[in-house]
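Protein chains: 2
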Amino acid sequence: MQLKPQQLSHVLAVWPVARFASIGAKQRPHQVPIVFAAVDGLIHSPIDGKPKRGSMLQRLRNVARNGSASLLLDRYDADWRSLWWLRVDVDVQVVSGDVEGYDRIVAALRAKYPQYETTQMFAGTPTMLRMKVVGHAAWSAQPVDWEALR
Amino acid sequence: MQLKPQQLSHVLAVWPVARFASIGAKQRPHQVPIVFAAVDGLIHSPIDGKPKRGSMLQRLRNVARNGSASLLLDRYDADWRSLWWLRVDVDVQVVSGDVEGYDRIVAALRAKYPQYETTQMFAGTPTMLRMKVVGHAAWSAQPVDWEALR
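From first to last, the protein sequence lines stand for chains A and B.
According to the numbering used here, the first sequence holds residues 398 to 547 in order.
According to the numbering used here, the second sequence holds residues 398 to 547 in order.
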């Protein structure tokens with residue numbers, strides 16, 4: 398199923414978490430949950446102050462090698478009639494330091510995630526995954542009013 | 398972080414959903430939420446009667462080409478102190494028809510998912526992803542009692 402542009406935008410605006418998949422060394426997929434906000438048609442995910450494993454994150458190494466990635470937004474519920482998912486294919490760049498649109502991206506992340514009042518948005522030099530949507534697919538067990546999701 | 402075998406087994410036993418990532422054509426990751434049950438040390442996910450997109454599922458085409466896949470189990474919550482994730486690296490086989498251990502696998506899935514009382518477990522010939530765990534990594538924002546998760 399394909400969503401209309403305003404449906405896709407709405408789901409990306411309200412859904413708080415995505416599972417981010419990239420391709421690791423040895424051609425194995427690598428997944429991690431991320432938070433994100435869309436600004437100017439691009440999806441941004443900060444490498445934030447939530448405690449992390451390791452110094453140079455696997456997700457950064459992976460996208461430096463292959464920028465093709467995927468975001469999965471979905472609802473799981475014990476009532477399987479309410480299941481849906483949205484998979485977004487993205488091309489990723491790692492941006493760092495003096496990032497274009499920085500103030501608006503930070504404002505969008507703060508508006509979406511009040512948690513950043515107490516969690517650092519960036520650990521050290523501001524670094525983000527910047528993602529361009531290149532395709533998507535959606536599925537739902539029953540018809541969903543995508544623009545009413547929250 | 399590495400979990401102890403009994404911690405890993407417990408999380409796989411109680412957590413209802415995983416995001417399954419495989420590698421698609423053109424070296425792009427592909428993700429879909431799945432249900433699953435572990436039996437005899439292998440993780441099984443049925444291609445079940447929940448309505449599907451397309452006739453030959455992308456996940457089956459992908460693992461036929463590259464059996465390296467990843468499962469992500471995680472909790473998202475507005476309280477970021479309660480976040481955790483468990484990523485399980487798996488080697489996948491598609492098994493179909495007269496599957497070894499079939500009765501025990503079906504029993505485990507029915508025990509974990511009462512939804513199968515009203516949803517068909519298989520659409521047509523029984524087909525499953527059979528996954529061997531080859532590695533894992535876990536993370537939590539605060540210490541988690543993995544064996545107490547439910």
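No wet-lab data here; the hints were simulated from the structure.
Treat the hints with care, as some may be off.
One copy or two, it doesn't matter: identical chains are merged, so the pair holds either way.
In silico DSS-like links for lysine-lysine, alpha-carbon gap of 27 Å or less [said to hold, decoys possible]:
| id | residue 1 | residue 2 |
| --- | --- | --- |
| 1 | Lys-529 | Lys-423 |
| 2 | Lys-509 | Lys-423 |
| 3 | Lys-423 | Lys-401 |
| 4 | Lys-401 | Lys-449 |
Which numbered hints turn out to be false for this structure?
Violated: hint 2 alone.
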